[in-house]
Structures are given as structure tokens and as C-alpha cells.
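Fit chain H with the ligands to the given chain P structure using the hints.
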Amino acid sequence: MAYEFTEEDLQEIEKIKAKYPEVKAATLPVLWVAQNRFGHVEPDVQKLVADTLGLPQAHVHGVASFYTQYYKEKKGEHVLDVCTCLSCQLCGGYDILEHLENKLGIKAGETTEDGKFSIQEVECLGACGYAPMLQVTNDQYVNNLTPEKVDDLIETLKAGKEPEYDQIGMPLRKVK
Amino acid sequence: MPEVFIDGKRYEYEGDHQLLQFILDQGLEVPFFCYHPSMSIPANCRQCMVKVGQPVKDRESGEYELDENGDRVIRWFPKLQTSCNIKVADGMVVHTQETDELVERAQKDTLEFILANHPLDCPICDQAGECPLQIQTYKYGPEGSRFEVKKVHKPKRVQLGPRVILDAERCINCTRCVRFTDEISETHQLTIVSRGDKNYPTTAPGTEFDDNYSLNTVDICPVGALTSADFRFKARVWEMNQTPSIDITNGKGTNIDLWTRDNLVLRITPRFNEDVNDHWMPDEGREAYRVFNENRVSKPAQNLDGEQVKSSWNNALLTLAEKIEEHDGKEVLFVGSPHASVEENYVLMSVANLLGAKNPVFTPHIEEGYGDGFLLTDDQAPNTNGCRALGLDELSAADLKKEITGAKMVVLLNDQLVDRNVVSAKDIETPFTTVFATNHSETSKVADLVIPITTAAEHAASYVNVDNRAQRTVAAKETKYTNRRLDIEMSEGRLDRYGTSFDNWVTEDNKVDCMPFWNFTSQLADRLGLDLSYDTGRDVMNEISEKVPAFKGVSYSEMDANSGIVLEETSDKTVKS
Ligand code: SF4
Ligand code: FES
Ligand code: FES
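Protein chains in written order, with this note's numbering: chain P, 1 to 176; chain H, 1 to 577.
Just chain H, same shape as in the assembly:
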């Protein structure tokens, strides 16, 4: 097998590798800025220098030439090489900054150059704390600068587009942002203008950077030159907790991270998943943090004489139980939701079945022509295929409307049917309608009973994307009834601050008075004398994988280990629990 020696250690490899990526894959480090694994390699930052050589072979025998000590004779490349654009070759010998002083010196000097005109305004820069330039300067940079002349000034606070702001002085001209619009989003909206120490990226005159994916450039910018107009100056990186989750704004199931502080989601960034979204996400999905923070239904509400009044949980529970008891199972219509998780829909299905009601129905939320073949989909809901795989009865919007208007009592899982014009407010007002909702909407407004449930940011639950991939979320913020200390999956931020006066998770108002759907339903089942009880989404999924063939082998640990699991197509979609 071909071999390569890095800092004196032997590694075997197969296939084609860029040296820098290979080094990183071994858990080693070489500083770099312009290289990005998903884009072309311009090798323009010159930060990733290493010393490289090849062993000399005797032409006739094909054997390696040896020196008097019996070691291979190495022919070194005449100059240091940028490791990002050099291919690993058999027998190659590499020295990084760890074992070669010249390399160390070269990296230090490159950084000194890069910083020659950099404003060094880290204390007021959003990127501080997650800035490759800052981190690598601390690790590999010079202690000071020998440039005593005035720094070059360039445009600052340039609104490149509706969502991205440029500080050209901070830019190191790595061209990652330009390459992103050329190679990934393919809108070609950015270019580097001017030259020498005056250059920086911008748009063509009279145009704006309104790419649907523009905020990805903020993520990949290795300095604070590109910042998010929305997130700017909101929080320091180290004050936030980062929790893996799934984008719920469309059917793609883009893998994301939720960044929380004090029980508010402050920003959303993409999380790498080769099979779904690579390193990217649409700008739209980042807006979803508002769904988690704003306009939330907190505490149940009941319609009394045409007015919604807040009610206690106990009252909500009793009212719903009474109403269900008043009706024959057949008279109650359970409506599932492609906007709700697999677990929630499954629990709804279980209750319906235990009460002898009809199998729950749902209608997909599709906007034809909305998708772009990349990360935006026609499907506006995260779990349409989940509803199908569970075996909910799929109806057209018109048929669902018919069912609802014909029912005496409706139990609706989080789906804003009025807002998305499936039914009218009138249609909802006629039967006794209970809405389980995360956010206030035109739909919840007209319900007889509104019961607040948790969002994807507050519970662990699964969603099946347009490609039939089941992936799950993890609770990122507390409700009134959860505690990040007790939910072992929740990231706690800095342990040394927990519960001290430095703990910044203190605002009681940021905790929504809501409950996971399965918890409320368990209480309801208890009240109704039904045999159903779940503690967590994980419990629900364990049961689903046993009972629903499509989910055979699906569990939280399997999903975590494989970044999601693709469900097998099953012919029998009407399995009931």
C-alpha cells in the first residue's frame, strides 16, 4: 500500500488525496485559510506551507537509493509547498511546522503579511472566538508586526445585500465567498475588485448580493469581513451553546446547529452532512430561529364566548377529556401534520386507534415550483414522508376540508391549516376543535382549545425528509418543565458557571409554558383510562421501530451514528399500531 511520512510518522493511504486534507484527516494540523473541502483550490492565502520531498529511485533497479546510514535519499522540492493543492504521492516525506523550523518561520511570516493591513479589531468583531485568523495567529503568528506605516483603508459596513455586511478592511482576499457564488450557489454575484492591497470582494455595480444562500459566505469567511446583518452584535460565540438539529422549514432536512443563550435561539448555522446538505443551508432556514423564540403559544387557552382565555393545564386536560368522552370515537377527526415530528404523529395515531376513531389524516404542504434542486424544496414541511411512512391517511387539501367540515370534533396537530388556505376559519369554528400548536396563527386563533406544545428546539424528535431520510433533533432550550441539568442530552454551556451568578440562562420569561405532545397525551390517556404512556421522544421511537415496519431498525443511537437513516420503501403503508 502506498505510504507517506508526515513529521516522521508513517501513514498508509489509498486513492487520491490533497496533502492538506490528508493531514487534517489524520487529526494533525496545518494552518490554512483559503482551502475549503467543497470548493476549488486556488492556493492564494499561502498559509498552508509545508516542506515536501520525494525519495530518489535508482532508474535501473527501481529501488530507493539509500545513504550511508541506510536511509532513503530524499530530493526536497526546491521551495516550500502549499499543502492544500499538492497531491499525496507514494513515499512522500512531509515536514509541517511541528518538525521544521523553516516551515514554522514561513507560516509566521505569511501571517505577518496577512495582518499587515488587517485592522485587528477583534474586541468589536463578531467573528472573534470562531475566527480562523484569530486562532491561527495566536498559534502560529508573530508576536508583533514590523509594519510601522499606516494601514490601508477600505470600505466598511457595506451592505452587500439584504443579509450580508462587508467590512473590506478585515478581508484577507481568500476568495472563498466568490468561489461560493461561482461554484456552489452559482449566482456568480461576487467578484474581487481592484488589486494589490486595495482589493476586496463586492458585487457588480447596481446589483446586490441577494443569493438565496448568501449567509453561507458568512460561515466560510475565515475572518470577520462578512457578517450577518441579522445576527451582528447579538452575542459572543462563547456565550452560546451549540446543539445539533434539523431544519424544519422545508422538506430537505438540512442538518443544522442551534445556537442558544438564555433559552433563546440566537442563530442557526449549517452542520456538515455529506448526504444531505454538505456544508450549506438556505438563508431561509436561518430565519426559523424566530419560530422558536417569537409568537409562541405559552399556557393553554380556551375559547369562552368567542374569546380565547388562558387556562390552566388541568382545565385544558379536563375539557379535552370531557369532550372526547362526550363523543363517539367515530365522531372525532384526528388530523396529523407534516409539520410535526414522526413521534408526535405516531402518538396521535395511537390515541385515535385506542379511541376507535378513524385513522388520522393529513395533507401535505407543497408549493409547486418553490424548490431549486439544491436545498430548497417544493415541500414546505419537514416530515411529509414521515406521515406517509407511519401510515397516516394522505388527503388532498379539498378532501381534508370536507372531512373537517363534516366532523363533530377535530383534534389538530400543529398544522396552520387556515393560514395555508386548506380550510377557512369558519370550517374550524363549526366542530369543537382542539389545536396543539407551537406558535400563534390564524388557525390557533379560532380553535376552541389551544394546547401549547414544544418545537423542534425543545424536544428530541425525528423528521423524515424528501429523500426518506430519518433524522432527529435534540432539545436546545428549556421549557417551564425541563431543566438542562436533568436532560442529559442538552448542552449545558459552561459547567463552572451553572447555577452561579455568572450563569446567563436566567430569564424565566424565555421559557415557554408548553409540553411535548406525548407528555400531554400521556396525561390525557391516563384520564381517559387508555393504555398509553411516554416519557420522551426516544421512548416513542423505540415503540415505532417495533411496531411500524417502515421504521424497523431506526433508533436515536442509529440515527446519531449514521447522520440519519434512509427508510426502506415499504409497500404496506397502512400498518396501524
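Chain P with its partners taken away, still in its complex shape:
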């Protein structure tokens, strides 16, 4: 499939480029522009980013693959990033992951058939003080998880509601 940026995206990309002395530095924010537009950064999108910035495709691929926040394939509507790094692991991160997997009937790295949920196993998200935790689609953190809390979360999301949790803003990411 051929992906294209809109005129508006291209203007934003120009603005981003103007901020840095070298175009290479624009890789991360422009990948965000792409992910916001297409919902993922599949290889073809990575190529679009590379071509738009005049950077090697391999470089953009390397950057995209470094971060779990960039989706290198199409994901479900809600992406649940379960932290299994040290602190979360010690506080039961794997149990939470297992619970979630059983609940949704998929494994980490997979997406439910209805396209609603994807699970990813991720490294430390910097919220060790609230372990175990997970993050919803690069957005809300859901902290101090218990199986009940996870069940709640799924129901809320299924109902199309915003989970009521703290929201931490991230630059350049579209906050709904």
C-alpha cells in the first residue's frame, strides 16, 4: 500500500525540521507524525518517513525498531503495554501479563480477532514506584495493578469509555 503524508503533515514536518541543526534529529518526531496519521509505522511508512526526510531507510528502521512505542505493524484499537522489567516483575508483572493474556485469549505481541486489543510486553516505563503497571496506547498509565483492576480496565475500554487515570502528556503525541 502506498502511504502519503497530507499537506498539513508536510507542513508540520517542515516545522520540525527547522528546529534542529541536522535533519537526522527529526527522525523521532516525524515518526510520531506518521504514526498519528496512519496508526502504525509499518515498513512502508518507515520508507515514507525516510524518503520525506532524505534519510537512509535503514536508519529510520533502526530508530523505529528501538522503541516499543512505535508500532511496526498494525495494532488493535487499544495497545496494552505491560511492563515486565525489574520492579514490575518483582511486584507481579508477569502475573498481570498472564492474567491479561488469558482474559483476552491472545499472547503478548498479538492482537485480538475483533481488532480491539493488542498486548505488548515492554521494558521499564519509568513508573517503578507504582509497579506493576501498564500503559494504554502510548497514553494513560494504569498503576498498582491487580487482576480486578485489569478486568475493570478492559470493561471500561470495551465500553468505549476513557479510563479514569492520571494522564501524562508527551510532546508531539496526539493526546485525545
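Each hint can be trusted.
With a straight-line Cα cutoff of 25 Å, these simulated DSS-like cross-link-like pairs (lysine-lysine) come out:
1) H/Lys-198 x P/Lys-47
2) P/Lys-72 x H/Lys-156
3) H/Lys-154 x P/Lys-75
4) P/Lys-75 x H/Lys-198
5) H/Lys-154 x P/Lys-107
6) H/Lys-154 x P/Lys-72
7) H/Lys-154 x P/Lys-74
8) P/Lys-75 x P/Lys-116
9) H/Lys-323 x H/Lys-402
10) P/Lys-107 x H/Lys-151
11) P/Lys-107 x H/Lys-150
12) P/Lys-107 x H/Lys-198
13) P/Lys-74 x H/Lys-198
14) H/Lys-151 x H/Lys-139
15) H/Lys-402 x H/Lys-445
16) P/Lys-72 x H/Lys-198
Just so you know, these hints were derived from the structure itself, not from any lab.
Chain H with the ligands alone, transformed into the frame defined by chain P:
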């Protein structure tokens, strides 16, 4: 002069130096993986740790502060430093693993980390024997590992491109290969993907690593992660002999090493020459090992009633001598070759002159637009400038064709004129054509007489590259008539095995029945009563340097000492011997 103290010894220096390189230049050692002198320095392997300090100076007097023993007070860097990316500074005091236990310990622990997920499959790894990881682990590494958990698994046997194969588990993520495509070949084809213990180098999805210089990454990979698709599993490093030589596949004169075993060239790797190719060579040049091993003309052949029949050397010699005697010198056209060495062309020129024939001619082998400004050149031959400097008459392809069709007898030095479309097979068939050839070709096929001669891998001879640099080869494999014991220049491999049942240079079939051009020509001259006799390429070069002004001062020893000699441009290019 600024000074630096390494392990208690004082060294003076001038200019700018990276500490690691400076240490290596003194013949000392510090283990390292990611550093490469021709590329940027990421300091990511952390193996080259040393302890570094600077003497304290009194601000007012500018004098070094001294302790009660009268020694300089040293302010040590709070942590160990990576020596690869630190600059040598005046008064600097350095302790390597030789004199500091902490450094020794740090290096050992770094290696333990590097090896945490390394498969340690040296017995089946091609890199074993020339692997910095293996060598440095033996020297500086821990005896065992404290990691008891399962190792991380990563992709294996990944065909990154047509010529390079990746085993991601062996990779230590030094990024040398990535930096090579970014900084040296500039194709930017590789990147490191993923992170932490899962990362490894690869190409962008849907692309392949088909860089014209891709095999250099196999050379610089400090582990066995990148291996050559072609050379993989062919031979152990320690079974081969390594002989310095020159790339003959184009005009650059890239310095190379030929790796031989049992009289076969098994692989070709670049040899450092700052002025020519630095540490690199094009993939194409590595393919040339086939030229040395395969499709060789072995034993002379003569065309009898339209069919080439193998002939004895004696018959070949007599036939050629008779034919030459039958013709007037003026009727014989001698054709030199940019694909042959300076020595061979010179000897051809000498014979032509002694017989009163016209000065030998040649035509360059140029493919416009083939070069890339780096190590590939438009010139497809290694010695075009050598022919010019000797004073052969340079003709266009069309003019050479005219000369050949007009001649009664042609003597052609190793140049595949039919294959490269200078002349047609018909053109060669008309006169009585003798071809001196290393390999079978469309050209040798139609010759009346084919005489096998040695390749650059079987004789010592010189080639003058596109920048007028004369460089030479050394015999790396035996012919039927040479013996690595007698040619003192040839590397013999393991002396303790020579002639024993462990000697692996035994297959008679791998020795080609051919002769250096100058040896055959000496026999021919003897037969014809000409005053000409050469034993080795060295003899020929000695005479050339005396007789041809362009080669004044050129000798094998000078070329060896200076990694080649740049010839002075001489205005008079038509000097005859
Ligand atoms: S493949 Fe080799 S050269 Fe490339 S990063 Fe890994 S260890 Fe370094
Ligand atoms: S370990 Fe899970 S947030 Fe840090
Ligand atoms: S060589 Fe210095 S850190 Fe790798």
C-alpha cells in the same frame, strides 16, 4: 616535547593522538573491539578501559605539584576511561591491564558481559583463529561465566545480501559494519535494530545488503557474526598461507593478501596501504581467486586441422621458433597487454626489438562509467600505465584490429581480445597466432598455438596502477616447475609439517603446468640465438630500472619498503631497450 607515561614508561609524542591508537603504535596492547582507525569512534564495546590521570599544576607558578617523595601529584579520572576516545595529553599518566589490577578486572568483567549471550560456538565458527573476541577472551577474559540463565536467541544464517551472512547471536553490537556502510561505502544499508540484549545489525525491510564493498564488513567484524557466503566453511585460517599481492581485476592496484592452501587460492582479503586502498577492497576483486584456480590453461596446445591438441613444451617451443624463423621480423606483430605485468610486457618488447619487429602495441581495456571514484576504476586492467611507461605503442581498439588483420603472424601476450570485442575470432584465425594465456577464453580457443603462463599468484611481478604507482606481487602457489622450498619468497606454511604426512600441500592436480613468460621466452631466445635470458621477475625488473627511464630507481626491495613507488612522469615514452 609533550610526554606521556604508560605503565611507568615515558614516551614523547607530537601532534594529536587517540590514546588507544598511541598505545598500539608503541607495540603495546590494550584489548578492544569497536575501535577502527579508519572510522568514527563510538566507544560502545567498553573493552579498552584504562586508568588515566593528569598531573596537578600549581596555578600560580605553573609548576607541577610534588608530593613528599618529589613525585608529581596525579589527579586520577574518577572512573576508568575508554582509551579509544580519549586524547593523549601532556603529562598524562596511563595504567593498562599490565600495571593496574582494577583495569585488569574491568576488562575481564566487560568480557564476561559481552560473552553473556554469545553462543561460544568457536569450533564451528569460521572466524575462529582470527577472532579478536576469541583471542582477547583467552588473554584477558574470565575463565568461566556466572550467567546461569538461558542465552538470548537471535536470528541465525540470515542472508543479509548476496555475499554476506549474519549470525546475530555471535554479534557483539560493536557497530563496525554499520559504520562501514555509513562512513566508508556510504550506502547506509545497515542499521542496528531493536535494543538491549535483542539488538543486531540488519538491513531495512525489503532491501538487501548488496553494497559493492559488502565483504569488508566480514573482515572488520570482530567476531564471527558476519561471514562470507562464498568462503564460509571452506578452510580454517591456520591451514592457509597468506601472501601479499596486488588486485589485478582493475586499475586501482588494491593491495591484497592471497590465502592459499594446497596450491589453491581460497580467499582474497585487503591489505592495508594508506596511499591506495586503506583497509578496503571491492567485493569484485575477491572473486579473482577463481582466475587463479579455475579454467587454467595447463600444458601448451596447438591447433591441428581446426582442433586444439595438447602439445609438449618442446613441441610448442620448436613450433614457435620455426614460425618466427619463417617470417621476416617485420611481418610479426607483437601485442602486449595491460592485463600482463610490467616484466612480461618488457620481455615481449625485448624479443620484438631483437627480432627487428615493430615495437609491440597494446590497447587499454576501459569501461567508461564503471569506476566509482573509490576502489573501482573505469580501467579494467591492472597495468595500463605500466605498458605506457615501458613505451609500448598504444592503439585504439579499432587500430589494433587493423594491425592484427594485416599481420602474417601475431604473438599475443595474455589479453582476451576476442572476449572483450577488440577483434573477432576470424581476425585471429587468419594470421598464425600464438597466445600466451593464463586462462582459457574465446581468444585462446581460436589461437594456433597456446602457451600457458603464470598468473599474478604464481610469479613475482609488477603492475603500475591508474595513479602511476608501481607495486608487485609475490608467488603464492606452485606451478609444476616451482617449489615453495626453493623460492625463498614463498611462504611455506608450517615448517614442522613440510614434507610430512601432515603437509596439506599435496594435490598434484592443483599445480598448473605453466611457466613464467620470461622463462619460456628465455628458452625461445636461446633457440633463436638471441641474447636474452631471465630467471625471475626480479632479474627483469633490475634490467628495466637500468634501461627504461620511467622505472629509474624501481626495484623489488624499494617497492617492498615503500608499499609501492610512484613513477615519475617522463616525457619520452618511446624509449626502447
Ligand atoms: S555484526 Fe560484527 S561488525 Fe556488525 S555490529 Fe555485530 S559484531 Fe560488530
Ligand atoms: S520496572 Fe516497570 S515501570 Fe519500571
Ligand atoms: S574500543 Fe574503546 S570502547 Fe570499544
